[in-house]
Structure formats: C-alpha cells, structure tokens
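The residues making up each chain are set out below.
4 protein chains.
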Amino acid sequence: MKTIKCIGVLTSGGDASGMNAAIRAVTRSAICNGFKVKGIYRGYEGLINGEVKELTTQDVSSVIQRGGTMLKTARSAEFQTVEGRKKAYDTMQREGIDALVIIGGNGSITGARIFAEEYDVPCIGLPGTIDNDLYGTDFTIGYDTALNTIVECVDKIRDTATSHDRIFFVEVMGRDAGFLAQNSAIASGAEAAIIPEDRTDVDQLEKFIGRGFRKTKNSSIVIVSESPKDGGAMHYAERVKKEYPQYDVRVTILGHLQRGGSPSAYDRILASRLGAGAIDAILEGQRNVMIGIHNDEVVYVPFSEAIKKDKPLDKSLIKVLDELSI
Amino acid sequence: MKTIKCIGVLTSGGDASGMNAAIRAVTRSAICNGFKVKGIYRGYEGLINGEVKELTTQDVSSVIQRGGTMLKTARSAEFQTVEGRKKAYDTMQREGIDALVIIGGNGSITGARIFAEEYDVPCIGLPGTIDNDLYGTDFTIGYDTALNTIVECVDKIRDTATSHDRIFFVEVMGRDAGFLAQNSAIASGAEAAIIPEDRTDVDQLEKFIGRGFRKTKNSSIVIVSESPKDGGAMHYAERVKKEYPQYDVRVTILGHLQRGGSPSAYDRILASRLGAGAIDAILEGQRNVMIGIHNDEVVYVPFSEAIKKDKPLDKSLIKVLDELSI
Amino acid sequence: MKTIKCIGVLTSGGDASGMNAAIRAVTRSAICNGFKVKGIYRGYEGLINGEVKELTTQDVSSVIQRGGTMLKTARSAEFQTVEGRKKAYDTMQREGIDALVIIGGNGSITGARIFAEEYDVPCIGLPGTIDNDLYGTDFTIGYDTALNTIVECVDKIRDTATSHDRIFFVEVMGRDAGFLAQNSAIASGAEAAIIPEDRTDVDQLEKFIGRGFRKTKNSSIVIVSESPKDGGAMHYAERVKKEYPQYDVRVTILGHLQRGGSPSAYDRILASRLGAGAIDAILEGQRNVMIGIHNDEVVYVPFSEAIKKDKPLDKSLIKVLDELSI
Amino acid sequence: MKTIKCIGVLTSGGDASGMNAAIRAVTRSAICNGFKVKGIYRGYEGLINGEVKELTTQDVSSVIQRGGTMLKTARSAEFQTVEGRKKAYDTMQREGIDALVIIGGNGSITGARIFAEEYDVPCIGLPGTIDNDLYGTDFTIGYDTALNTIVECVDKIRDTATSHDRIFFVEVMGRDAGFLAQNSAIASGAEAAIIPEDRTDVDQLEKFIGRGFRKTKNSSIVIVSESPKDGGAMHYAERVKKEYPQYDVRVTILGHLQRGGSPSAYDRILASRLGAGAIDAILEGQRNVMIGIHNDEVVYVPFSEAIKKDKPLDKSLIKVLDELSI
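Residue numbers (full-length UniProt numbering), protein chains in the order written: chain L, 1 to 326; chain C, 1 to 326; chain V, 1 to 326; chain P, 1 to 326.
Pulled out of the complex, with its shape left as it was, chain L reads as follows (with noise of 0.2 angstroms):
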C-alpha cells in the first residue's frame, strides 16, 4: 500500500451542524500526526472538478462554533457515473492525494464504497447528518443541535398553543427516521409523534384523539415527522379539522432552519473525537470503515455494515412518551 502524506476532506449531502467542527478535527489531527490536508469543496462535485485548496491549523480556527460547512457541500448525480469517478480519481491524482475523509450521510457513505472499491483509495467516512439514520453509530454529528434546535421552536409553539387553546401539528426532518420526531416528542412534552417506522395513519389519529385530550388538556403539539407520500403535518391536521371543526388546528413545518445553527456541546465533542478518530483509523491501516460511536466510544464500521442495515429506533420509548403525556 503507497505511504498516505496528503489527505483530502469532503462534506457531501445535506449539511448537518458540526460538520465544521469535524473538518478542524480532521486537519489538525492530521497536521499534529505529519499529514498535509487538502479541502475539497462542494463534495464529490469539487472532486470532480478540481475545486481543491490547502488546510492549515489556522484555516480551522473559530469554525468548531458554526453551522454549516466552510467546505460548502453538494449532491453530485455525476459523481454516480464511472466517467464523474474517473474524474474524481483524477483530481486525487493531481493534487497528490492519497486518502479521503468523507463527511456526510447514507448516499455520501454509499459513494465512497464504490468510489474505494474501483479506485483502491483508502477512504474513511464520518456520519454527519441530522436524521441520526447510519447503522453501527449510536449518534450522528448534527443530529444533537437539530433535536435541540427543533425543542427550543416547539417550546415557542408551545407558548401560543397554550395561549389559544390550540392544537399544532409540527412537522420535522427524518423521511426515512423517526429518531428526530419521536425524541423531540417527548423532550418538548408533546402529546404524540407520528413517525416513519410506524405510520400506521388511522390508529395514530384515533389513539391521540380517542385519548379525548380535551378532557385532561386544552392544547396539544402533535411531532410529525415530514412525509412527501402521505403530505406530513398538512395532511394530519386535515383530517383532525374535518373529524373535528371544533378545535383550532394549526401547522408549522420547521424546515430549513432545523440544519444550521451553532452546534451543540455534544455535536462538537463528538465531531471533534470521529474526526481525531479517522486520524486514527488511517494511521493503523483502516480503509472504507466510518467511523462511529457505540457505547461512548470510538468504533471503526465497515461501509458494507452502515449503509446496509436499517438503525432501529427504542420502542420503549414510545412507551415514554405515551406514559408522560397523559
């Protein structure tokens, strides 16, 4: 295997909060351990077409406290064809470098397995998204600051839903995981969540509203997660408006600014340890693993294993929720 001297730093995908602090941890790790680092920007797009600039320490100061990526991010469909990974392989080439560190989610993941299998690059992934959907990491860098994010907005809706005696149907990221809609259900104190992994629509409905909430409460927030099959929260509060014309629904989708925002205290400790931690991995000889964190510690998982397997959700703590919003 060639000696690894340069390493190349991408974010790819959605951008997650704590992204910055994981590309300060992987270029000063790498500094401190002799390595030169070089920032890719705008993903495997930048790889593509040589968008490529030298990391100094002081490059990645001031950025552990900010949103957002410095690296810029994209989704590249090119880089899903042979001819877009031929270029990729290219630029690495020219900019001699000789291993990546991916930061991003499930498709970024997905990209630099059959990028490391047809190239032969050593290739270390980082989990930075804020759905917290990557097998064989407990967390994912961003999901912390999206979940405290999405809190401190329900706990605003929370005030006006009082106040009005209303009932809010609030919609969060997490297509495909419910990890963001079901935990900020029952931090915000929220009556339900409705959530991919058991989107069991009537029952929902009729358990929340069969729990005659009237009785015990005068307002309610209902945690949706988004849904572009089943229209999310709008679709929810339609049906509850029509079943029900006498309650004063609402809606509010989050959106965007569930992604950015200064990152959490968490989000920075652990992007910082994943991004010392594929320092690490590369100085032992690691290829194609991403690196997570299982039982607050530092896990090397293969890429096959983390995009592979579906992350289950705790059901006991539907039973959290169910017990405390009485």
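Where hints are given, some of them may not hold.
Where chains are identical, the list cannot tell them apart; a pair therefore holds if satisfied intra-copy or between any two copies.
[As the list claims (entries may be wrong)] Under the rule of at most 27 angstroms between Cα atoms (straight-line distance), these lysine-lysine pairs were calculated in the DSSO-like manner: (1) K53 <-> K217; (2) K242 <-> K229; (3) K86 <-> K217; (4) K53 <-> K36; (5) K229 <-> K241; (6) K86 <-> K36; (7) K319 <-> K5; (8) K36 <-> K319; (9) K36 <-> K217; (10) K2 <-> K86; (11) K217 <-> K242; (12) K217 <-> K5; (13) K5 <-> K87; (14) K87 <-> K242; (15) K229 <-> K2.
Hints are computed from structural coordinates only; laboratory data are not their basis.
Based on the hints, put chains C, V and P in the right spot on chain L.
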C-alpha cells in the same frame, strides 16, 4: 365619575411575548397603589362568560420571563355584538370591576373603544402585538422578541443556504405591516425584503434578480411578509424557479414560532413601563387611551388615534437594506 | 413487603436543570400505573418537617422546559442525624407514603441508602447533578445542560478574547470531577483544561505556555475546574501574569448560572426515561437502586455501587484536546 | 477641503457586539458610494503601526451576526502622545486614507477629537460600547445585546435562587453608568439595583432589607454595577451576610461574557443604520461628529458634545423597578 377600586386585566387577539410581563406590571403597580386586581381569562370571551379570578402579587411571580399569556387569549365574535358587550358589562358589575386594562392589537383596542363608549367604563389599552402596527407608539409589546426570533432563525437558514449555494425565501408574519420583514431583513443581512407596503411584485423580483446576485454572491435570502392574497414566499419562489431554473430555490415559512418564546430584555422593560403607565393613567383620571412609548417616554394615545391611522414604515431603511446587501 | 400505593418524590442537594422533567416523569408514570404521588418540598428537610403536597398530572404540566426544581431543594444537616431520619420516617407514616424517589447527587443518594437500611423503606434514586460524577450511569441529569451553558458562555468570551488578543482563564463547576471542564474545553475549542483528576499545576502551566501559544495564536482560553483548595482560575491567572507580564490575562468565574436554564433536549429525554424507569423499578419490586443510563439503556445500580466508586474520566479525550488545540 | 477617496475604519476601546455589523455597514455603504475602504487593525495602535488592509464587500460577508470585532481592538497609550498621533497621520498619508471612521466609546471619541483638531483629518465617530454612556445618542452599539445577555444569565440564576431560597448579588458591567444594571434589573424581575449614579450604599441596603423581602419572597436577586472603588457585589453580599447570617447569600460576577455573543436584532439594525449614516455624513461634508440615534432617527452629534456631558438615567425607571418588585 365612580371611584375606581378594582381593575380588571385581560389579553386579547393574537398572543405576543411580553404579555405576561405586562400583566405582572399592571397587577403589581395596581396593588402597590391600593387597587384590587382581577384577571379575566380568554380575552373578551372570558369577560362575557365570567371567567374571572383575583390576582395577587404572588400570582404574577416568575412570569416576566415567559412567553404567551397566563390569562390566555382569544378572538371574540360575540363581543362584536350588542348582546355580547351587554354580558361583558354584566360580568364587570357582578365582579365589581370598575376599570379595564386591555392588552392586545388593533382589533382589541377597537373593541375597547366601542365598549367604553357604550357603557362609560374606563378602559386603558396596552399595545400587545408582534406586528408593531399600532399608531402612536414607537414599539408594541412582542415586536422586539419576534424580530429576534426571526433573525435567529434566518441565521440558521443562512448556514444551510451558504453551504448549498441556495436562494431561500423566508416568510414572516405581518400581513398588513412590513416592520418585521423589513427590519429582520436588515438585521439578518438578507438580500431583499418584500413587504405589504411596497408589494410591487414584478419590480421587486426584477430588482432582486436584475441586481445579478450571482455575480457577487452564491447564496441569497429574501424575507417575505405573509400574504394570503398573493401567496407569500411560495408564490415568489415559484416565479423565480420558473424564470431561473438553474437556481436552487427553497422556502421556509416560520409560522407560529414567531409568537412565543421568552421575551427579549426590551420587551420586558417596555411591558413593565407600559403596565405601570396604565395604572398611572388611571390614577390621573385618564380613560380610553392606549399607553404607548414615544421617544423613549410613556405617552397616552386616544383610542381613536391609535386605530385610525396607519403607522408608516421608515423609508430610509429601504435604502439601508439596498446599500448593505450589495 | 407492604404493597406500595403512594410514592413520595423529592429533589435534594444542588439543583440541576432537568429535575423538573424528572419530577414530571415520576409523577405521570406513577399515576399512569395506579399510584398516588406526593411531592416533598426542600428535600429531606421537607420530609422531616412534613412539607408534603399531593401531585396530579396537571401539577406537572409545562414544567419539562423549566430549570431549577418546582419542589425546591436543600441540603439537610438534620437528616444526617438519627433523630432527623426518625422524623422523616414519621412524616412518611403520617402521609401514607410507601416508597421514596430521590433526585439528587452523591450526598443525596448516600442519605437515601442509610435511611433505607434503617427503616426498610423502598428508595429509588435518580442521578441529578451537573457534575456527572455518579458511578454506574453514563450521564447525570443536568450535566448536558450545564455543558451547553458553559460552551455558550465561552463562545461569547472567545469573541472578546480574540478582539483583544487576551488569555482568559474561565472557571467552571466540578470541584471533584473534571467532566465539565474537560468536555467544555473540547467543545469550545479551548487551548487547555485544568481538572481535579490531573491537577499537576506547574506541569500544566509549563505545557500550556511551553507550547508557545503566541507562535500560532493571539488569544487563548483555559478552562479550570473550581478548586477551593488551590484557588482555581484566579490562582493560575496570577501565576501566568507574574511569569509573563507581557500577556493580557483575564479571569471569568461562571458561577451559579451553570445550574439553571431550560434543560437541553438530552437532559429532558434522560430525565423522562429515568423518571419512568423509577416507576418500572418499583413495579418490579426493586429497591435501593439508582436508575442510571448505560449504553443508552436504563439500568439499575445498587446504591452502594453508585456512591462507592469514582467515575473515571475518559483519558483519550485529553489526547483529543491536545491535538485539536494546536 | 481635499476630496475624499478612501475611508479608513477602525474599532477602538472595549469590544462591543455589533461592531462587525458597523464595519460591514461602513464598508458596503462606502463602496456603494464610490469610496475605497481600508480596515485598520487594533484601533489606534494599528493606525500608528501601519496595520492596514483594504476591505471589499466580500470581506464583510457573514460578519453581521458575529460578536467581537474582525478588525480587533486595543487601547492605545501611544496615541495619547503627540508622537503617536504623528505616526498615525503618517500612516494615513502613506496609505492614502482621507477620512476616518472610529467605532468605540468615550475614550475613542476623545482621541478622534484631538487627532482631528491637530491634523485637519475628517473623523466620524460611531458609538460602540455596551455601557450606553455616550451623550447625544439614545443607544450605543452593543448595549442591547449586553442587556439581553445579562437578562438570560439572571434568568438562569433565578432558577437556582428560587430552588434554594437564596439571595443573589449579581455584578454587571458599567462602572460609571447604571444603564445595564437598572434596566437588567427591571427586565429580569430583580428585587433591587445598586447603580453608580445613586450608590447610597447604606440606604439601598436598608431599603432592600427593610422592605422585609422574606415576608413575601423566599429568594431575591440584586443587580450591582461593578465598582472598583467600593468592591461591587462582593462588598454588598458581605454586608448582608454579616447583618443577616440567617440568609443564604451568593455572588455571581458575570464578567467578560457580557461583551461577546451574536448581536441582537436591534444592535444589528442600529449598527447598520449608523454605519450607513457615517458615509452619508461624509458625503454631506460633515466631520468630527458622532453618528447617533435619537427618537429613532439618525443624528449628528459634535464630538465635543458627545463626550462632554453625562448621559442621564431615566429616574422614572427607578419607580417602575420599585413598584414591580413588591
């Protein structure tokens, strides 16, 4: 004129952060000056239905920092009828309430005005609305908090806009008044604001696009006042998408989270001053005036004036926004 | 064993954010499972003095988002005496309280253990302390919130440190445990942490200064755990000032603001799970155990174990901090 | 008078949140009006030492939301000497800087005034200080942010004060002006404020204690302006502890975290308006004036006036605080 011994206080219309601080100020200042205080729940609805409870200084402990309104609020169709107002007056007689302090917006002050004329009841208004659209007061209770909430949200959205090189249309409240949109645009460094006072649709779009934002900027944020008439942010986003399919355009509608949350320092101080001012006004024999702030001094504004005139936007701010978003 | 019908709940020792969420969870989960719940005010003091009040599901509405503890808390010298504990037991008899849930730190759990042995009272502990220093649980209620509060404060201090090219020594809580100091240092991008577990005074200073921070950095932040013994941040600042008079050195002692504030999403979820877990434990006939979280699962930790052992810091984090602060 | 082609901008004295927004506004408004802009680092020190760099519109992108000052700041002893100011003037000549915009407090404006007199250099001042103590402007850049920061901190401290039935003395900045102390006391619902304008030590204490706070309240918060002369919060706490040993008295000194943090909406708007106003003033041929805000309009205040007079506190606010803290 009858001696005033007991003052009723209520919140009406849309809730605004700082209403609790105003209730606290009215209650404590009144008690401090020898009055009894009764809280009326759910605005004029509660006055009609007799939802009344005496308030002590302890009852308003630890509410200054809370969003929403502890007295709840509602819009009352019944109070717009002669019969409704008769019932409201009966409640006052029965409860021994000699004067009313109404915290609310345009509609609430209008209701107070009619009621005061019909029944010779001393009414004092406090401007409580996030829209800042009451004439005679420089600021309304809740406006500064809503402005800060919007700006914090747009800061988060900017993180993701920048990371992805996107154009965001962010819709904020204020369907009849552009204070929130214009000022949040300046404060968040947005590229443009589309406001009800100047909704020259096409021109704005032309101006925005024509300015050729892609020459100097990769991402952009446009703040749009909600508008049931023309469709608001969604409408403008669709137009831009159609004309410029090469841009990645997104929409976020902030919705009701703009109403809640712990009030800003300014709103707490304003609510405290105006609440104490309401009791001063009663002691001075004032009636049927709204307590406002003008040039940082408490002023009395006759109801007729507060609701009659449109409060003008400061046009110089448009120039500031234009210059600083280059 | 007597059938348990009524459960008493109290908070004891230093307050921690999330205690209200825990009280809510205990109360609602207990009622949900058919128990009666009584709240005991001011910790063991209130148990001794009979400050007891029944709690309904409504009483714990809208407290999940509030800092502090609605049941108030205290340290009780009297409960450390045989007579004091006798009075406490008498209150339980009189009030018909069959089991106790104690939310607090090391001292509170120790008190529960002695009491449980003397009077055969089923006691369940919940780890509530910002210091995170209870053995057998990965996290304690309040720790994540305090960590975030510290990090937000240090972000602000960094703004001024950078603007003025200053060195700041920031003192945080945790006189016996360095979790807060070490992790807030990583999360805030601080240059060093001085912690009780490794207070090799001179070495640390040498290391910090010797690293020649002025070669690459104009400003620096050092996080110091409070220490009544050696004087904490003030002590270290004085030493640096004396040795390096050319540096502009400042101190900020964060103090009690670290305790309060709305709990983070994580602390709310943790408190909810542990509170519900306490009732599960009672239903299963458990007694004299602390409910903890380990590997993201609820676990039962015998009192003797929770208080006997020191919880170790993860030494790998020191390496992370060192590498990333270059 | 020489035609102005290039404008220099610097920040001086203690940093204040919103200074970056002001730098951005000055830069963009200047460029928009055809000027070249040069940023001067570290205040007058940098002017003396030639630390100068041209600023483009891009250089001030994404700084509106950041605390501190991107141009750094310092207090300069050398600028108080004839020689120092000579060097500063030489830098201006060498760099082709025709006019200066100085963002800072009392001392910085005083320096500008002397310099402008000696060298016939057009100087424009912007009031940037958290203390709000410049005459001729209703508000200074940074004051509203600091006020909100204090209030958020006191909200947290109140959680713990209430939970433990304690009296807290919280020390805030403003050694010569009580704006921060008095207004944060009103906004946080504190029981008293001890301010430099009315530091009738014993009377205040008597008043506070004499009011017999323990009759109606279990906890209390007193806001104290820092005071190197009399010892500030620590001093008052010691007195109360001595006279009333039965009370549990604590002190928190907020310190430098009051300076930093993302600016509030108001401070960003104020800084934007005043920064644009500085360029308007230059276009109008104004010189040696501070740009202020009065009755929500931009005004020009001659340097001599801005620094000569003490800005008075609104005494009516003392009455508000007294009435509302019952």
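How would you label the pair K87, K242 (within, between, both, or neither) given a Cα cut-off of 27 angstroms? neither (55 angstroms within a copy, 32 angstroms between copies)
For the identical chains here, do K319 and K5 meet the 27 angstroms Cα criterion within one copy, between copies, both, or neither? Between copies only: 22 angstroms across chains, 51 angstroms inside a chain, cut-off 27 angstroms.
Can you tell me if K36 and K319 fall within 27 angstroms by alpha carbon in one copy, between copies, both or neither? The answer is between: 20 angstroms across copies meets 27 angstroms, while 50 angstroms in one copy does not.
For K2 vs K86, is the C-alpha pair at or below 27 angstroms within one copy, between two copies, both, or neither? Answer is within; shortest intra-copy Cα gap is 19 angstroms, inter-copy 60 angstroms.
I want to check one pair: K36 and K217. Are their C-alpha atoms no more than 27 angstroms apart within a copy, between two copies, both, or neither? Result: close only across copies, 20 angstroms inter versus 60 angstroms intra.
Between copies, within a copy, both or neither: which fits K242 and K229 at Cα up to 27 angstroms? Answer is both; intra-copy 20 angstroms and inter-copy 24 angstroms each pass.
Which holds for K229 with K241 at a C-alpha limit of 27 angstroms: within a copy, between copies, both or neither? both (20 angstroms within a copy, 23 angstroms between copies)
Measure nothing new, just compare the shortest in-copy and cross-copy C-alpha distances for K229 and K2 to 27 angstroms and report within, between, both or neither. Neither: 47 angstroms inside a copy, 54 angstroms across copies.
Go through the copies and call it for K217 and K242: within, between, both or neither, with a Cα cutoff of 27 angstroms. Close inside one copy (20 angstroms), not across copies (46 angstroms); limit 27 angstroms.
For the identical chains here, do K5 and K87 meet the 27 angstroms Cα criterion within one copy, between copies, both, or neither? Only inside one copy: K5 and K87 sit 21 angstroms apart there, 48 angstroms across copies, limit 27 angstroms.
At most 27 angstroms between C-alpha atoms: does K217 with K5 qualify within a copy, between copies, both, or neither? between (63 angstroms within a copy, 26 angstroms between copies)
At most 27 angstroms between alpha carbons: which applies to K53 and K36, within, between, both or neither? Classified as within; 11 angstroms inside a copy, 29 angstroms across copies.
Hints 3, 14 and 15, counting from the list given before, are not met by this structure.
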